[in-house]
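Protein chains in written order, with our numbering: chain A, 11 to 269; chain B, 11 to 269; chain C, 47 to 349; chain D, 47 to 349.
Heads up, some of the hints might be wrong.
As a list, the in silico BS3-like pairs of lysine-lysine whose alpha-carbon atoms are at most 30 Å apart [stated by the list, open to error]:
hint	chain 1	residue 1	chain 2	residue 2
1	B	Lys12	C	Lys62
2	B	Lys255	C	Lys101
3	C	Lys165	C	Lys335
4	B	Lys206	C	Lys62
5	C	Lys335	B	Lys251
6	A	Lys15	D	Lys101
Just so you know, the hints here were simulated from the structure itself, not pulled from any lab data. Please read all numbers here as calculations on a predicted model, not as lab measurements.
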Amino acid sequence: MKEPKVLQVIENKPIAAGIYSLELYHHALCEEVLPGQFFHIKCGGDKFPLLRRPISLSYTKREKGAVVLIYRVQGQGTEFLSSRRPGDSLDVLGPLGSGFEVNRQYERVAIVGGGIGIAPLVELAGIYGDRAAVFAGYRDETFLLKELQERSADVRAATEDGSFGYGGFVTDLLLQYLKEQRTDMVFACGPKPMLKTVAKICRENSVGCQVSLEERMACGVGACLGCSCAVNERDGSLQYKRVCKDGPVFRAEEVCWDE
Amino acid sequence: MKEPKVLQVIENKPIAAGIYSLELYHHALCEEVLPGQFFHIKCGGDKFPLLRRPISLSYTKREKGAVVLIYRVQGQGTEFLSSRRPGDSLDVLGPLGSGFEVNRQYERVAIVGGGIGIAPLVELAGIYGDRAAVFAGYRDETFLLKELQERSADVRAATEDGSFGYGGFVTDLLLQYLKEQRTDMVFACGPKPMLKTVAKICRENSVGCQVSLEERMACGVGACLGCSCAVNERDGSLQYKRVCKDGPVFRAEEVCWDE
Amino acid sequence: MSSVDMSVNIAGIRLKNPVMTASGTFGFGEEYGEYYDLNRLGAVVVKGLTLRPRKGNPPPRTCETPAGMLNSVGLQNPGVDFFLEKELPRLLDRGACVIANISGASVDEYCLMMEKLSKSGVAAVELNLSCPNVKEGGIAFGLKPDLVYEVTRRVKECGQKPVIVKLSPNVTDIVEIALAAAEGGGDAVSLINTLLAMDIDVWSRRPVLGNTYGGLSGPAVKPVALRMVHQVAGAVDIPVIGMGGILDWYDAVQFILAGAKAVAVGTANFVNPLAPVEIIEGIERYLVKQGFTSVEDMVGALV
Amino acid sequence: MSSVDMSVNIAGIRLKNPVMTASGTFGFGEEYGEYYDLNRLGAVVVKGLTLRPRKGNPPPRTCETPAGMLNSVGLQNPGVDFFLEKELPRLLDRGACVIANISGASVDEYCLMMEKLSKSGVAAVELNLSCPNVKEGGIAFGLKPDLVYEVTRRVKECGQKPVIVKLSPNVTDIVEIALAAAEGGGDAVSLINTLLAMDIDVWSRRPVLGNTYGGLSGPAVKPVALRMVHQVAGAVDIPVIGMGGILDWYDAVQFILAGAKAVAVGTANFVNPLAPVEIIEGIERYLVKQGFTSVEDMVGALV
Ligand SMILES: Cc1cc2nc3c(=O)[nH]c(=O)nc-3n(C[C@H](O)[C@H](O)[C@H](O)COP(=O)(O)OP(=O)(O)OC[C@H]3O[C@@H](n4cnc5c(N)ncnc54)[C@H](O)[C@@H]3O)c2cc1C
Ligand SMILES: Cc1cc2nc3c(=O)[nH]c(=O)nc-3n(C[C@H](O)[C@H](O)[C@H](O)COP(=O)(O)OP(=O)(O)OC[C@H]3O[C@@H](n4cnc5c(N)ncnc54)[C@H](O)[C@@H]3O)c2cc1C
Ligand SMILES: Cc1cc2nc3c(=O)[nH]c(=O)nc-3n(C[C@H](O)[C@H](O)[C@H](O)COP(=O)(O)O)c2cc1C
Ligand SMILES: Cc1cc2nc3c(=O)[nH]c(=O)nc-3n(C[C@H](O)[C@H](O)[C@H](O)COP(=O)(O)O)c2cc1C
Ligand code: FES
Ligand code: FES
Numbered sequence: 011m012k013e014p015k016v017l018q019v020i021e022n023k024p025i026a027a028g029i030y031s032l033e034l035y036h037h038a039l040c041e042e043v044l045p046g047q048f049f050h051i052k053c054g055g056d057k058f059p060l061l062r063r064p065i066s067l068s069y070t071k072r073e074k075g076a077v078v079l080i081y082r083v084q085g086q087g088t089e090f091l092s093s094r095r096p097g098d099s100l101d102v103l104g105p106l107g108s109g110f111e112v113n114r115q116y117e118r119v120a121i122v123g124g125g126i127g128i129a130p131l132v133e134l135a136g137i138y139g140d141r142a143a144v145f146a147g148y149r150d151e152t153f154l155l156k157e158l159q160e161r162s163a164d165v166r167a168a169t170e171d172g173s174f175g176y177g178g179f180v181t182d183l184l185l186q187y188l189k190e191q192r193t194d195m196v197f198a199c200g201p202k203p204m205l206k207t208v209a210k211i212c213r214e215n216s217v218g219c220q221v222s223l224e225e226r227m228a229c230g231v232g233a234c235l236g237c238s239c240a241v242n243e244r245d246g247s248l249q250y251k252r253v254c255k256d257g258p259v260f261r262a263e264e265v266c267w268d269e
Numbered sequence: 011m012k013e014p015k016v017l018q019v020i021e022n023k024p025i026a027a028g029i030y031s032l033e034l035y036h037h038a039l040c041e042e043v044l045p046g047q048f049f050h051i052k053c054g055g056d057k058f059p060l061l062r063r064p065i066s067l068s069y070t071k072r073e074k075g076a077v078v079l080i081y082r083v084q085g086q087g088t089e090f091l092s093s094r095r096p097g098d099s100l101d102v103l104g105p106l107g108s109g110f111e112v113n114r115q116y117e118r119v120a121i122v123g124g125g126i127g128i129a130p131l132v133e134l135a136g137i138y139g140d141r142a143a144v145f146a147g148y149r150d151e152t153f154l155l156k157e158l159q160e161r162s163a164d165v166r167a168a169t170e171d172g173s174f175g176y177g178g179f180v181t182d183l184l185l186q187y188l189k190e191q192r193t194d195m196v197f198a199c200g201p202k203p204m205l206k207t208v209a210k211i212c213r214e215n216s217v218g219c220q221v222s223l224e225e226r227m228a229c230g231v232g233a234c235l236g237c238s239c240a241v242n243e244r245d246g247s248l249q250y251k252r253v254c255k256d257g258p259v260f261r262a263e264e265v266c267w268d269e
Numbered sequence: 047m048s049s050v051d052m053s054v055n056i057a058g059i060r061l062k063n064p065v066m067t068a069s070g071t072f073g074f075g076e077e078y079g080e081y082y083d084l085n086r087l088g089a090v091v092v093k094g095l096t097l098r099p100r101k102g103n104p105p106p107r108t109c110e111t112p113a114g115m116l117n118s119v120g121l122q123n124p125g126v127d128f129f130l131e132k133e134l135p136r137l138l139d140r141g142a143c144v145i146a147n148i149s150g151a152s153v154d155e156y157c158l159m160m161e162k163l164s165k166s167g168v169a170a171v172e173l174n175l176s177c178p179n180v181k182e183g184g185i186a187f188g189l190k191p192d193l194v195y196e197v198t199r200r201v202k203e204c205g206q207k208p209v210i211v212k213l214s215p216n217v218t219d220i221v222e223i224a225l226a227a228a229e230g231g232g233d234a235v236s237l238i239n240t241l242l243a244m245d246i247d248v249w250s251r252r253p254v255l256g257n258t259y260g261g262l263s264g265p266a267v268k269p270v271a272l273r274m275v276h277q278v279a280g281a282v283d284i285p286v287i288g289m290g291g292i293l294d295w296y297d298a299v300q301f302i303l304a305g306a307k308a309v310a311v312g313t314a315n316f317v318n319p320l321a322p323v324e325i326i327e328g329i330e331r332y333l334v335k336q337g338f339t340s341v342e343d344m345v346g347a348l349v
Numbered sequence: 047m048s049s050v051d052m053s054v055n056i057a058g059i060r061l062k063n064p065v066m067t068a069s070g071t072f073g074f075g076e077e078y079g080e081y082y083d084l085n086r087l088g089a090v091v092v093k094g095l096t097l098r099p100r101k102g103n104p105p106p107r108t109c110e111t112p113a114g115m116l117n118s119v120g121l122q123n124p125g126v127d128f129f130l131e132k133e134l135p136r137l138l139d140r141g142a143c144v145i146a147n148i149s150g151a152s153v154d155e156y157c158l159m160m161e162k163l164s165k166s167g168v169a170a171v172e173l174n175l176s177c178p179n180v181k182e183g184g185i186a187f188g189l190k191p192d193l194v195y196e197v198t199r200r201v202k203e204c205g206q207k208p209v210i211v212k213l214s215p216n217v218t219d220i221v222e223i224a225l226a227a228a229e230g231g232g233d234a235v236s237l238i239n240t241l242l243a244m245d246i247d248v249w250s251r252r253p254v255l256g257n258t259y260g261g262l263s264g265p266a267v268k269p270v271a272l273r274m275v276h277q278v279a280g281a282v283d284i285p286v287i288g289m290g291g292i293l294d295w296y297d298a299v300q301f302i303l304a305g306a307k308a309v310a311v312g313t314a315n316f317v318n319p320l321a322p323v324e325i326i327e328g329i330e331r332y333l334v335k336q337g338f339t340s341v342e343d344m345v346g347a348l349v
């Protein structure tokens, strides 16, 4: 039987303005969790905030039996998270969701993250290693670059304000890359407009694409139908799928981008 | 103009099972506050718990510019209080309420506290010093005895389980005392049934009596009419007064004990 | 910062800003008037008045609930005459814009109070219709559209002051009630009053409130209040005053975006005595940030 | 510990304990069935079913509010036939006592579903009357006593299963509605469904929910739910199933003391998947501590 896990905080420290790295101890979890999966965390007391908050796996530290979550402080829930200290414990459900479909035969993949959406891609980058070109888009301040570079030799950063790397959207870099380099699959996570552009670029360049979506969640396990996203069915009709259970990773073609 | 005060925690430590002593720093407050007054404290985040919690002054430490509050952990609010550490701050309204009517001419007074109701009487004991006989009633474990003994030479304890001092109700001691000793005023704080007995004893022995009452509060300042207690008017009718503003200290004769 | 126009026109009165106090949470301004100048508020809505003094309900009268509170004060008040003689002059001296909130047990009582208030310095009269109507067998006026219409119309005839009709949320169709208020000649509607509710102590096995039932207010009710304000603002032509769980400027702005021309701050006073003035400042900052030049431009400005 | 009798008799069915899941918060038991054996529950009330499959409302469908949440799922479900074919057998295999929750757009739709369910292994049928009645111009069945009476009566005629009528709290007089359900032959009433509510994001100036309005549930609504359960239990002779904001055993006991013979756990599942089983244990501990020998003795046992 599954059960809510009580995980110990090993470390919880800021890695950029308003962005924290949270290391939680759990040996078995660390073996089990897949890139793209998330945890559903009780962020606070009994009744307030009431609902859990979904945070993706960023990467595992198998030698320590630890999972690392990277999160941006956004509101009450993540504020609470940021106040946790080593030794404190957290009530966690998961790993939840489907994760990225990993095909180890792929010779070349592109991994594209925007903002905090870079975080859920780090473990994946580790799987493909030098077979992955990693594109990391930031508004201004960069983070997780070291972690990505440790996993892949080909990490390319873009900042919207031009303060580091390419000045402009990360999707520009991807477009350029796909034109030059045969690629088996693109994996993307980030804000919806960015994902939409990635999906379009992939479609136009006939490359497969998997995107990790976000939606407001209640249960996180598939029971409430609260986290739906619209997908196109084969018969042309529109259907709602559960981001928490059927996703959060979807094939870009099935996502209904105009909803 | 009045304003909510942000007070620094100097110390917050358990003094008996589930009972804490909280020392807050505020020089001016320490000069201003009267025995029997209380503070209305925000115990927690923004919305949960929502309302402030009333806690009485126990005693001042003028040399340090500190006020000491003694509280029992009861629920969410006091639970939160007990988690405050030195250096943390608390959002406090007060001092509020009327306090005890102190007549410095009295030659002999009796001060009677039951359980956590002993706490609000310590400052008062300091005012009357050796002119006060202090009666402290406990269920089992005693607390604040040292603080009371520092203020009055005549401190008498009762425990319901007989583990310390007189075995039985503190009101037995009071009755005995009033029979033997002319007394100008009795000051009492504690659970309602105890106060009712004290009031009865005082009436039967024709001694004046002031009691400090508790009632569930919202505003704490007199605006909401939420903390009413029934008092007898001169014309025999019943009226509701505000514990927070017209009290918390009332003359025992005016309190309608059967409500 | 005051590049934005914070004033609003409600029921023919010009408020310097859209923030009032909610009746029953602010007494007669005496207590919170020690924390700031009452003339900083759009208006002070005073404790609910009745024709004769009322003792109110037995204690306990309040208790906390998740993100909210119950009250069963039961309209304890010194009566409208005492108000006119003692409380109102003090409030007016301090420069407050005063709105009287009245409750009657019959239409005649409402009218009598309106007549008395008409000759006074109050800016407007708010009708609390949550009071049981003794003639109608105890059903509250606010629960039936025809009673709302009737009492509003009659009160309008009895005096010259603008009339704000305060709506109870304990109804199937709040729009129907608001329309009845407008049809009766109400100059504005205010909503929501408290939701009828209860709490139980499982150890004593008793209701927590001495009166068994009480009114739920505070953040817990905000989503219901927002919905009702949005529905009503979309249906009536008279101004809407929104309230229910407003703790800070964010909440207040939500109500204004939902269609409220002014807001009232109730339970929040108990949590933070400075809440109303902080909310005024916060609304102003929001307007500037969002490029509005006046608060009236923001009313109902959902995109 | 099991010196107390936890079973309750509701609508002619014997539940092993008084704790069920609230419809729509537990899917078809698949997800939470991974956390504990479903046969530990008094009953599993499944996601609201409609005659034909429904896609549901556009996202976002949920958001958090102070001590509560909104949902506007909009009855997304695979339809009653799929349920009977795929979901029910799975649930029955696991030993669950299953209650089907149904919503129709007309009385005929309710009847058709009842006919289908009558031939199945469900223990009872719960009528969700919050659905808009297309024939009545879109007003929800649950808001009018005569519609409640009518649909209950007709459904009872169409099948043999016990009928639980689920009441909407968005009404002026919940007792009147409950009486109509009883008069129509309902074997039990359950309450409350969600309160109609709304949330607004002030930066995007949009309603947070894709559907604008949604239903408020969770601890925030508990005081309203307790009041309604207390009112209804005092007025009808059929059993009452209480729900609305139950997070733990304390809350559940409050509902039972208010007069509910069973309780349902909704939003709490999202917070703590083990909530229903922990609540069962907590009720049992309370009974022992308070000297009750059976949960039925505690029903309505306010002093
Ligand atoms: C599958 C999934 C994985 C995620 N992984 C990460 C991650 O690795 N790192 C990270 O920083 N963030 C991640 N997020 C977003 C994160 O869940 C939100 O930032 C967080 O819930 C905000 O909570 P809050 O209380 O701090 O903010 P508030 O704004 O106060 O939250 C209010 C409510 O809105 C919901 N909410 C707010 N923003 C979002 C959002 N973007 N997506 C979903 N719900 C939201 C909250 O869950 C909560 O119910 C993920 C979201 C999803 C759905
Ligand atoms: C004037 C006054 C002075 C007080 N002084 C002290 C003191 O010096 N030391 C001390 O330990 N306690 C004192 N109390 C009692 C103290 O306020 C409560 O124990 C406290 O509010 C409990 O809050 P909670 O959140 O921990 O408990 P909960 O039980 O979770 O509180 C729930 C609600 O009930 C109210 N409540 C619960 N118990 C009481 C109570 N006994 N009186 C009033 N409201 C209550 C709370 O304020 C809150 O609104 C005083 C009460 C009053 C009215
Ligand atoms: C203690 C208390 C007393 C109240 N008394 C009155 C009253 O006398 N007249 C009235 O119209 N509303 C009264 N109300 C309702 C408030 O004015 C307001 O409508 C309600 O509390 C919702 O707003 P809030 O959530 O900001 O408190 C009272 C509310 C509280 C909490
Ligand atoms: C996400 C969600 C979906 C719901 N779907 C249904 C439904 O399909 N049918 C129904 O009768 N009630 C539905 N409800 C209402 C619940 O069954 C319950 O009445 C309500 O949520 C109050 O209980 P709670 O506060 O414990 O959640 C739903 C509630 C939620 C939160
Ligand atoms: S959050 Fe409940 S189904 Fe996804
Ligand atoms: S608590 Fe508001 S008047 Fe006393």
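Comparing the hints with the structure gives:
no. : hint                   : in the structure
1   : B:Lys12 with C:Lys62   : 24 Å, holds
2   : B:Lys255 with C:Lys101 : 17 Å, holds
3   : C:Lys165 with C:Lys335 : 43 Å, violated
4   : B:Lys206 with C:Lys62  : 51 Å, violated
5   : C:Lys335 with B:Lys251 : 46 Å, violated
6   : A:Lys15 with D:Lys101  : 33 Å, violated
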